[in-house]
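> The primary structure of each chain is shown beneath.
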Amino acid sequence: DSGVTQTPKHLITATGQRVTLRCSPRSGDLSVYWYQQSLDQGLQFLIQYYNGEERAKGNILERFSAQQFPDLHSELNLSSLELGDSALYFCASSVATGNQYFGPGTRLTVT
Amino acid sequence: EDKVVQSPLSLVVHEGDTVTLNCSYEVTNFRSLLWYKQEKKAPTFLFMLTSSGIEKKSGRLSSILDKKELFSILNITATQTGDSAIYLCAVEAGNTDKLIFGTGTRLQVFP
Numbered sequence: 001d002s003g004v005t006q007t008p009k010h011l012i013t014a015t016g017q018r019v020t021l022r023c024s025p026r027s028g029d030l031s032v033y034w035y036q037q038s039l040d041q042g043l044q045f046l047i048q049y050y051n052g053e054e055r056a057k058g059n060i061l062e063r064f065s066a067q068q069f070p071d072l073h074s075e076l077n078l079s080s081l082e083l084g085d086s087a088l089y090f091c092a093s094s095v096a097t098g099n100q101y102f103g104p105g106t107r108l109t110v111t
Numbered sequence: 001e002d003k004v005v006q007s008p009l010s011l012v013v014h015e016g017d018t019v020t021l022n023c024s025y026e027v028t029n030f031r032s033l034l035w036y037k038q039e040k041k042a043p044t045f046l047f048m049l050t051s052s053g054i055e056k057k058s059g060r061l062s063s064i065l066d067k068k069e070l071f072s073i074l075n076i077t078a079t080q081t082g083d084s085a086i087y088l089c090a091v092e093a094g095n096t097d098k099l100i101f102g103t104g105t106r107l108q109v110f111p
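Line order of the protein sequences matches chains A and B. So in my numbering, the last one in the first sequence is 111, and the numbering has no gaps at all. So in my numbering, the last one in the second sequence is 111, and the numbering has no gaps at all.
The reader is advised that the hints may include incorrect statements.
The calculated lysine-lysine pairs, modelled on BS3-like cross-linking and capped at a C-alpha distance of 25 Å, are [what the hints assert, rightly or not]: (1) B:K40 to B:K67; (2) B:K37 to A:K9; (3) B:K41 to B:K67; (4) B:K40 to B:K57; (5) B:K3 to B:K68; (6) B:K57 to A:K9; (7) B:K41 to B:K57; (8) B:K41 to B:K68; (9) B:K3 to A:K57; (10) B:K67 to A:K9; (11) B:K67 to B:K56; (12) B:K41 to A:K57; (13) B:K3 to B:K56.
Quick list of simulated restraints, FRET-style, between CB atoms [what the hints assert, rightly or not]: (14) B:T18 to A:N51: 22 to 30 Å; (15) A:D40 to B:K40: 18 to 26 Å; (16) A:N77 to B:T28: 27 to 35 Å; (17) A:E53 to B:S84: 34 to 42 Å; (18) B:A78 to A:K57: 39 to 47 Å; (19) B:T77 to A:L83: 37 to 45 Å; (20) A:T15 to B:T18: 44 to 52 Å; (21) A:T13 to B:T77: 20 to 28 Å; (22) A:K57 to B:L9: 25 to 33 Å; (23) A:S38 to B:T20: 23 to 31 Å; (24) A:Q41 to B:N22: 19 to 27 Å; (25) B:G53 to A:H10: 41 to 49 Å; (26) B:K41 to A:I60: 18 to 26 Å.
It is worth saying that the hints were derived from the structure and are not from the lab. If you're wondering where the values come from, they're calculated on a predicted model, not measured in any experiment. The C-beta atom is built at its ideal place from N, Cα and C for all residues, glycine as well.
Model the full assembly from the supplied sequences, consistent with the hints where possible.
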């Protein structure tokens, strides 16, 4: 158990819908990262927040957005969902740089 | 464009065999290289390497980095069925804390 929690574990929704994935980092970690893992693309970095501020952006679609709240938990919002958005979404946290601790992931299925 | 390449893509061995997994990278402003093990869900941290030539060891697993030739290897000796997993290599580079992942090596160990 890494200490990073994610909810929900599984999410099944239809195309065109919007969902919110939630992540609570390890106690004391200020950085939160979001990754998408699909079968054909491996783990892809989406976005990082550090102490409430956006710090780095990766291959995140405009339909996706994220935020980090004052209590340091983070939410990833995915809208206008498409079949290709089906994937495992991981949240990770770290104190600063280096090792990131990964949560158990949210499996999103878009039908 | 930063990239991390792992080989082989897949490896099937018998218990007791020794395996070597490879990771090469081309990134700007390398900072560190990390190895993760992914079984069913979340990647779990194995090693973080920042200096060339210094072997990191944990039980039957060991890893070393060559910053001149831009690669790292992960060795697993006396493999066990519990070592079956996807092994991910990731590089931290540039001015951000994001990790750039390779596509992983799938290791299957049979009794």
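> Please name the hints from earlier in the document that this structure breaks, with their numbers sorted from lowest to highest.
1, 3, 6, 8, 10, 14, 21
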